[in-house]
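There are 2 protein chains.
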Amino acid sequence: MRQSWVLKVGLGQINPTVGDFKENTRKICSYIESAERQELDLVIFPELAICGYPVWDLAHKVSFVKANLKSLAEIAAVTKRKHVTAVVGFIDLAGSGSPKNYNALAVIRNGKIIHKQYKTLLPTYDVFLEEIFFLPAKNHSVFSMKNTRFGATICEDIWDDQYAVKPAKILAQKGARILINISASPYHKETLLRRNETILRKAKEYGLWVVYVNQVGGQDDLIFDGRSFVCDPKGRIHFRADAFREGLFKFTFDLDSKHPPVIPAYAGIRRPLDSRFSAKVRGGLVRTDFAVLFGERGNDIIVIKDMYEALLTGLSDYIRKNRFRKVIVGLSGGIDSALVATIARDALGPQSVIGVAMPGPYSSKHSLKDAKTLAQNLGIEFRVKPIRALYQRFIHEAAGEKRKRGVRPMEHRTITVAMENLQARLRGLELMYLSNDEGAVLLTTGNKSELAMGYSTLYGDMCGGLSVIGDVYKTDVYRMARYRNTISQVIPESTFKKPPSAELRPHQKDQDSLPPYRILDQILFHYIEKNQSLPEMVKSLASKGISERTIRWVTQKVDANEYKRRQLPPALRITEKAWFGRRMPITNRFEK
Amino acid sequence: MRQSWVLKVGLGQINPTVGDFKENTRKICSYIESAERQELDLVIFPELAICGYPVWDLAHKVSFVKANLKSLAEIAAVTKRKHVTAVVGFIDLAGSGSPKNYNALAVIRNGKIIHKQYKTLLPTYDVFLEEIFFLPAKNHSVFSMKNTRFGATICEDIWDDQYAVKPAKILAQKGARILINISASPYHKETLLRRNETILRKAKEYGLWVVYVNQVGGQDDLIFDGRSFVCDPKGRIHFRADAFREGLFKFTFDLDSKHPPVIPAYAGIRRPLDSRFSAKVRGGLVRTDFAVLFGERGNDIIVIKDMYEALLTGLSDYIRKNRFRKVIVGLSGGIDSALVATIARDALGPQSVIGVAMPGPYSSKHSLKDAKTLAQNLGIEFRVKPIRALYQRFIHEAAGEKRKRGVRPMEHRTITVAMENLQARLRGLELMYLSNDEGAVLLTTGNKSELAMGYSTLYGDMCGGLSVIGDVYKTDVYRMARYRNTISQVIPESTFKKPPSAELRPHQKDQDSLPPYRILDQILFHYIEKNQSLPEMVKSLASKGISERTIRWVTQKVDANEYKRRQLPPALRITEKAWFGRRMPITNRFEK
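In order, the protein sequence lines correspond to chains W and A. Residues 8 to 599 (my numbering) make up the first sequence, in order. Residues 8 to 599 (my numbering) make up the second sequence, in order.
None of these hints come from the bench; they were simulated from the model. Fair warning: there could be bad hints in the mix.
A pair counts as met if it fits within one copy or between any two copies, since identical chains are not told apart.
[As the list claims (entries may be wrong)] Straight-line alpha carbon distances no greater than 20 angstroms define the calculated EDC-like cross-link-like pairs of lysine to aspartate or glutamate that follow:
hint : residue 1 : residue 2
1    : 173       : 138
2    : 411       : 388
3    : 241       : 263
4    : 107       : 168
5    : 107       : 138
6    : 77        : 543
7    : 29        : 566
8    : 411       : 444
9    : 73        : 99
10   : 409       : 444
11   : 584       : 64
12   : 15        : 48
13   : 34        : 46
14   : 379       : 40
15   : 564       : 81
16   : 153       : 133
17   : 379       : 408
18   : 77        : 598
Work out the full structure, taking the sequences as your base and the hints as a guide.
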């Protein structure tokens with residue numbers, strides 16, 4: 008009977024910063040040192056770990072690619088006279104003046120690159136545009152460690168259903184027993200479901216162990232969840248690394264062991280809040296069984312806690328990587344700004360957040376009160392800056408200017424759309440003044456439902472450097488806020504209870520001019536995420552009592568407001584179809 | 008001796024509107040009727056003529072594709088019992104649930120589709136993302152008319168240098184003598200050069216006559232110039248249709264004629280101003296030899312008149328296709344806003360333009376005077392709305408709020424960046440109030456040089472629905488303005504003569520903090536359009552006395568201001584690399 012085959016692997020789930028070669032390289036080298044100290048055989052880093060992902064047009068810049076090759080050489084040097092083998096993602100220069108290069112990986116041992124593999128399948132859809140930047144691999148080969156053949160692939164290479172070439176299959180046919188996949192696979196709320204669905208199936212289909220190592224952290228609109236894992240050729244998960252947490256995670260292969268896997272496919276979702284998160288949240292109520300909420304929407308699982316952590320990651324990395332220290336949130340007393348302020352406080356700490364209430368001519372008393380209570384609960388700085396005087400002055404001047412031109416001003420007899428927008432824009436003006444004056448980033452508070460419908464004011468509430476919940480439907484805003492309050496009660500109950508209102512005219516309510524959000528959000532989900540046409544939507548939604556007339560009205564509103572979204576700041580992506588990956592013409596006369 | 012072979016062709020250079028199936032179909036049918044009346048043998052329409060180009064994610068929507076197939080059937084019906092054959096671009100459904108479809112053409116005769124060809128080469132770079140939406144053709148075949156074989160291709164199919172498959176070559180090998188190419192090839196200032204360079208070369212290489220039919224008109228950021236043409240297998244142009252003008256252009260093939268071509272390769276650029284343009288410009292000074300200005304920049308030909316007409320087309324189509332009737336331009340007395348107002352007036356007529364001067368605390372007297380003179384010269388409505396009182400009020404409140412918090416206000420002792428931006432934003436506030444109040448589109452007046460450097464205020468002078476000169480370098484702004492003044496003297500001479508200034512503080516001049524524009528624009532050209540790295544730029548620009556230090560400073564400014572451009576409205580594209588086709592991360596620590 009032969010001895011058990013054992014291999015100690017480190018999953019180097021790192022959070023690189025795009026273009027920060029010095030820091031990314033330092034991190035990779037320190038992980039290699041650590042892996043060596045821990046006597047690991049193999050340490051694996053994500054796709055394009057050296058330069059970060061995605062780099063967009065930087066991939067075309069020769070100096071950028073050369074800087075990344077220089078880093079690769081430094082990393083190789085660190086492996087000299089070490090036992091551990093490293094797998095690192097980088098860009099390889101195609102040479103001979105080609106504007107496109109290779110998305111590549113190197114297997115490095117004792118100072119030498121012993122194996123290279125280029126990415127074959129270049130995703131070009133939604134938020135991916137890799138055909139623009141990279142050339143596909145033509146060749147596929149395996150490499151050996153401990154008398155076992157390994158195949159190494161990059162991200163999409165294992166998502167081969169839609170492609171004729173199947174790199175993982177080719178490598179299996181060449182004798183690979185273990186498939187490494189280095190990824191930069193961005194989070195959306197169904198991403199874990201999709202990954203399990205596909206990768207576990209592929210492991211079974213090709214009879215391979217899969218070691219999947221994914222990037223973690225935020226990069227502009229995109230959030231990477233990490234959640235690297237190891238599965239066996241029966242599609243059973245043996246190990247899963249934490250979500251949204253950087254680290255060197257260890258797994259020991261024992262291919263001949265008869266022990267069954269101990270981790271169910273969904274492991275990692277149901278785990279308690281991790282330490283990073285709990286450290287950020289005060290109040291002692293961190294650990295809770297209510298951490299995971301499941302809902303039903305088109306048979307997809309919604310994981311609210313996961314979304315919340317994704318937004319924490321996206322926000323904190325945007326701020327940190329761009330070297331800001333403070334953020335500003337306009338607090339209206341409503342649920343959207345309350346959630347954004349709470350996320351900001353949980354991500355950055357209370358000292359880094361300034362909340363500003365800006366009561367206007369039609370603000371209710373409870374708005375100011377709720378904003379103040381929230382700020383107190385969060386422990387953040389709170390300021391009040393009414394816009395009433397400026398509003399009156401502006402209206403007065405506008406009316407005067409009209410009279411001079413012989414036009415009868417409407418300003419003193421009604422509230423026009425211009426006057427509603429003016430209120431939102433005066434708030435934008437105040438917030439941007441603070442932002443410039445104090446070097447703090449203004450956070451945009453609009454949600455996906457209102458951005459879809461154009462119930463947001465350009466240069467008003469759409470101002471800001473980062474849209475935190477621009478990809479979160481209003482119903483999910485409530486769910487996330489409810490979830491967060493189970494950890495500690497920070498958002499006032501009255502903020503949940505009152506009907507949503509922009510308070511730009513007396514007695515205004517969102518639901519006076521919009522369908523109820525639970526209806527609206529279903530329509531938007533089918534229109535935006537499923538890209539359904541009118542007849543398809545009527546069919547999908549008829550059973551829920553949603554009329555064709557409502558669907559038509561909603562989708563026309565969505566189309567008509569494309570021009571506003573074109574000017575939206577980056578909006579953290581947490582759904583399968585965010586604004587960022589949706590490309591629609593503004594000039595568009597298609598009527599469904 | 009056999010009789011001369013003659014074929015009468017109509018080049019249906021139309022301006023479709025994306026998604027407007029009714030109107031596009033009506034137009035195509037009326038062109039077919041007209042071609043029949045004129046006894047033409049063949050009438051050819053551009054790429055995706057039925058649905059317009061580009062349609063982006065609409066291409067994934069089944070109902071959209073079905074609507075376009077219904078239009079195709081209507082067009083086919085119109086050809087019944089007619090002599091003329093029609094070639095029409097449309098989307099063909101791939102079927103079996105494929106999210107991608109075919110970018111296709113149909114050759115239609117007497118009610119029947121006698122030939123179909125799908126597009127093979129799907130451009131995926133810069134402003135093109137066709138791999139996302141379409142599947143490539145697998146098969147290529149010819150069709151016959153009058154005993155002669157024809158090949159039909161779509162746009163990129165003839166730009167085959169970077170591709171392994173060469174559809175035009177395959178069709179030539181199958182006996183095609185005449186190659187039809189239907190295109191939606193967007194304008195940029197070197198586009199004619201590129202087209203001549205490539206297509207005439209391909210005609211020679213494959214020994215083909217080429218009939219090239221291009222879309223005309225504006226679609227959001229993109230402008231299509233038309234300029235359809237016919238060339239022979241020696242690469243000589245026999246006919247070129249007007250630029251920027253919709254029409255049915257006729258050409259008679261006489262393959263056996265010994266007459267040489269009469270039109271030089273650049274025909275169409277040097278022609279006098281066309282009737283559409285002259286009709287829009289008042290003053291009687293329309294026809295001028297000065298209409299074409301050539302300049303030198305990296306060996307590329309700059310055609311100022313062409314750029315001017317492109318912007319007229321882009322602006323007028325954006326306004327018309329989106330059913331607006333009026334535009335607003337903030338007039339500072341400077342060259343940028345003067346040029347934008349002039350373009351708007353030439354594109355839409357003086358009744359459709361409102362100019363607004365908004366003097367601030369640091370505006371010079373000549374600013375208001377120059378703005379007024381310009382408006383008078385253009386014959387547009389002119390309003391004055393000072394921002395001084397609102398500015399003082401805001402500053403006073405901001406200082407008061409600081410005192411309340413125990414912070415010493417700086418507002419009364421210096422002019423901070425926040426205060427400079429405040430002035431720009433108060434102007435944005437005024438303009439957007441007018442825009443909402445009067446249902447007019449605000450035009451954004453910033454140029455490419457200042458957008459590159461971040462010398463523009465988010466939610467201030469960056470406000471607007473369309474950026475008219477956001478892709479025009481400052482030096483080209485001057486050239487275009489000079490050119491336009493040769494037609495009639497509308498922009499005051501003092502606007503040219505005074506040093507550019509934002510006038511947000513006393514005695515401020517652009518050149519106090521920026522290199523001279525003739526230097527700056529060269530750096531920007533190499534960095535943005537050529538995507539060069541620092542060493543490459545130093546090499547390119549050293550001979551012009553531009554230092555590495557200046558280049559480094561400029562490129563770092565460009566990178567640091569990516570976040571502002573992310574919120575720019577659509578900017579009409581007239582260069583080879585506009586903001587729209589440039590994809591850079593905001594979070595980016597690469598230091599060249």
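A quick look at each hint next to the structure:
no. : hint         : verdict
1   : 173 with 138 : both (17 angstroms within a copy, 19 angstroms between copies)
2   : 411 with 388 : between (44 angstroms within a copy, 14 angstroms between copies)
3   : 241 with 263 : within (14 angstroms within a copy, 71 angstroms between copies)
4   : 107 with 168 : between (25 angstroms within a copy, 15 angstroms between copies)
5   : 107 with 138 : both (9 angstroms within a copy, 16 angstroms between copies)
6   : 77 with 543  : between (53 angstroms within a copy, 18 angstroms between copies)
7   : 29 with 566  : between (44 angstroms within a copy, 18 angstroms between copies)
8   : 411 with 444 : between (36 angstroms within a copy, 17 angstroms between copies)
9   : 73 with 99   : within (9 angstroms within a copy, 43 angstroms between copies)
10  : 409 with 444 : between (34 angstroms within a copy, 11 angstroms between copies)
11  : 584 with 64  : between (22 angstroms within a copy, 12 angstroms between copies)
12  : 15 with 48   : within (5 angstroms within a copy, 75 angstroms between copies)
13  : 34 with 46   : within (18 angstroms within a copy, 74 angstroms between copies)
14  : 379 with 40  : neither (49 angstroms within a copy, 70 angstroms between copies)
15  : 564 with 81  : neither (54 angstroms within a copy, 30 angstroms between copies)
16  : 153 with 133 : neither (40 angstroms within a copy, 46 angstroms between copies)
17  : 379 with 408 : between (38 angstroms within a copy, 17 angstroms between copies)
18  : 77 with 598  : between (54 angstroms within a copy, 14 angstroms between copies)
Hints 14, 15, 16, counting from the list given before, are not met by this structure.
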